[in-house]
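2 protein chains.
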Amino acid sequence: MEDNTTSRPLILVTNDDGIFAKGIKELVKAIHPFGEVVVVAPDKPQSGKSHAVTLDAPLWYMVSKFDDADRAYKCTGTPSDCIKIALYRIMDRKPDLIISGINHGSNSSVNILYSGTMGAAMEGAIHGIPSIGFSLLSFNSDADFAAAAHFAAIITEKTISRLGSLPFVCLNVNIPCLPIDEIKGIKVVRQSKGEWIEDFVRNYHPSNKRPYYWLTGEYHDLEPDSHDTDTWHLDNGYIAIQPVTVDCTDYKALDAMNGEGWF
Amino acid sequence: MEDNTTSRPLILVTNDDGIFAKGIKELVKAIHPFGEVVVVAPDKPQSGKSHAVTLDAPLWYMVSKFDDADRAYKCTGTPSDCIKIALYRIMDRKPDLIISGINHGSNSSVNILYSGTMGAAMEGAIHGIPSIGFSLLSFNSDADFAAAAHFAAIITEKTISRLGSLPFVCLNVNIPCLPIDEIKGIKVVRQSKGEWIEDFVRNYHPSNKRPYYWLTGEYHDLEPDSHDTDTWHLDNGYIAIQPVTVDCTDYKALDAMNGEGWF
Numbered sequence: 001m002e003d004n005t006t007s008r009p010l011i012l013v014t015n016d017d018g019i020f021a022k023g024i025k026e027l028v029k030a031i032h033p034f035g036e037v038v039v040v041a042p043d044k045p046q047s048g049k050s051h052a053v054t055l056d057a058p059l060w061y062m063v064s065k066f067d068d069a070d071r072a073y074k075c076t077g078t079p080s081d082c083i084k085i086a087l088y089r090i091m092d093r094k095p096d097l098i099i100s101g102i103n104h105g106s107n108s109s110v111n112i113l114y115s116g117t118m119g120a121a122m123e124g125a126i127h128g129i130p131s132i133g134f135s136l137l138s139f140n141s142d143a144d145f146a147a148a149a150h151f152a153a154i155i156t157e158k159t160i161s162r163l164g165s166l167p168f169v170c171l172n173v174n175i176p177c178l179p180i181d182e183i184k185g186i187k188v189v190r191q192s193k194g195e196w197i198e199d200f201v202r203n204y205h206p207s208n209k210r211p212y213y214w215l216t217g218e219y220h221d222l223e224p225d226s227h228d229t230d231t232w233h234l235d236n237g238y239i240a241i242q243p244v245t246v247d248c249t250d251y252k253a254l255d256a257m258n259g260e261g262w263f
Numbered sequence: 001m002e003d004n005t006t007s008r009p010l011i012l013v014t015n016d017d018g019i020f021a022k023g024i025k026e027l028v029k030a031i032h033p034f035g036e037v038v039v040v041a042p043d044k045p046q047s048g049k050s051h052a053v054t055l056d057a058p059l060w061y062m063v064s065k066f067d068d069a070d071r072a073y074k075c076t077g078t079p080s081d082c083i084k085i086a087l088y089r090i091m092d093r094k095p096d097l098i099i100s101g102i103n104h105g106s107n108s109s110v111n112i113l114y115s116g117t118m119g120a121a122m123e124g125a126i127h128g129i130p131s132i133g134f135s136l137l138s139f140n141s142d143a144d145f146a147a148a149a150h151f152a153a154i155i156t157e158k159t160i161s162r163l164g165s166l167p168f169v170c171l172n173v174n175i176p177c178l179p180i181d182e183i184k185g186i187k188v189v190r191q192s193k194g195e196w197i198e199d200f201v202r203n204y205h206p207s208n209k210r211p212y213y214w215l216t217g218e219y220h221d222l223e224p225d226s227h228d229t230d231t232w233h234l235d236n237g238y239i240a241i242q243p244v245t246v247d248c249t250d251y252k253a254l255d256a257m258n259g260e261g262w263f
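Chains as they are written, first to last, in the working numbering: chain A, 1 to 263; chain B, 1 to 263.
Calculated from the structure, these hints are not laboratory results.
None of the hints are false.
The calculated EDC-like cross-link candidates involving lysine to aspartate or glutamate, where the alpha carbons are at most 20 Å apart (straight line), are:
| hint | chain 1 | residue 1 | chain 2 | residue 2 |
| --- | --- | --- | --- | --- |
| 1 | A | 94 | B | 218 |
| 2 | A | 252 | B | 228 |
| 3 | B | 187 | A | 255 |
| 4 | B | 94 | A | 198 |
| 5 | A | 94 | B | 198 |
| 6 | B | 94 | A | 218 |
| 7 | B | 158 | A | 255 |
| 8 | B | 193 | A | 247 |
| 9 | B | 252 | A | 228 |
| 10 | B | 193 | B | 221 |
| 11 | A | 252 | B | 247 |
| 12 | A | 187 | B | 255 |
| 13 | A | 193 | B | 247 |
| 14 | B | 187 | A | 260 |
| 15 | B | 252 | A | 255 |
| 16 | A | 94 | B | 195 |
| 17 | B | 44 | A | 56 |
| 18 | B | 94 | A | 195 |
Predicted model only: the values in this text are computed from it and were never measured.
Please build the complete structure, drawing on both the sequences and the hints.
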């Protein structure tokens, strides 16, 4: 780990569990040797907020204390809001790298679509800024981040060494909740097909007796026999890195529809 | 337009402008001849909510009156919540088709990522249900939906005629705000590269004088010279249909990273 004081890259950090979560503290502690770190993170948990932006309320932000960060701000908005307000109001130059996380919980497979952590990273990618989202496969608020922080530092350092000639603009990195020496390796893989089978738990309001429903569910891997996916690698002790695009076009379907002359 | 009472497809309808918006009323009026229509839509505007799901509060839903729908429910959640609760609590069988919209405002280019309308359609696609999001290029709450409704009916009827052998699972359909006879055609195209350059407008709280910020911005097309994009076609009077995937993997980057032996 070198402290490149001559040309320290500017790193913008956010998350979706909120600025007081353990994951973002462990992340900043792990990566601050590699650059100037500015934290702009939600002032409260924003899990499941996807790429949402706040259109119907103003945003507030204020300076926050944060160990190991050069500067830190907490913001009332979503993770994507944090990136936008950081880029256009808070920072005086474009960051060289955006890092989001370390999320408490998996963002592999379709979870990327619901994830505020990855919403923030993808917001960076829209603006052409290399962005990485890190997630640990544990929802425990006091989870052991030793391995996640260790490998986040390795992946961050490697990325910084190639800034300007990266083959990707956004990475979704998921890390098994295992001791460092039980992690089998790091693999660059594709997103697996999966879905949540939901079980809305019903309860009743104590006064008016109206039913309400809590969203709960269970993740189902739709291709358990494929060995080239994020899900398979995570299940087998590997760190899974998914390069991410913000182009949602299904090119096979595009060609098929035009081939069939739909319109 | 035939009323196929022998095998009427079950169509689930939602939106992100809320169940009382003009766009969803015009949509249901246009498509109800093609099937049994069940509306499950947010009870209030949910624009910009992307694929967000509600994890920190329970959901409520109740029956709502809705002209031309077979059944309708308003729900306290996001558009994605509406799809989930419809599939797992409200409907007694899986819908044959999910339609979201008609959105007040464009969901072309990167706007698909912020869009609650498209978040709902993509939620349907995750579950393997053919899904279409329709958007009109006008944010006016009383916009003229004549052309949008006309073409939504055509695209819906065509999709229903091929249920079971569709070349796509999700479509993002954007429609210029023009009279029907000024629409030049319907094109199946890719998502253009673009970004919002944000301008956070600052104001001050009347009592404590703290500054707050409203997210506003201007869309910038990053490839105005490409003539195969949604943006170009919309600017030139065409309806743009983008087939959408829920696989966010950047396969070019994946191959490049593995080719370079990153890990």
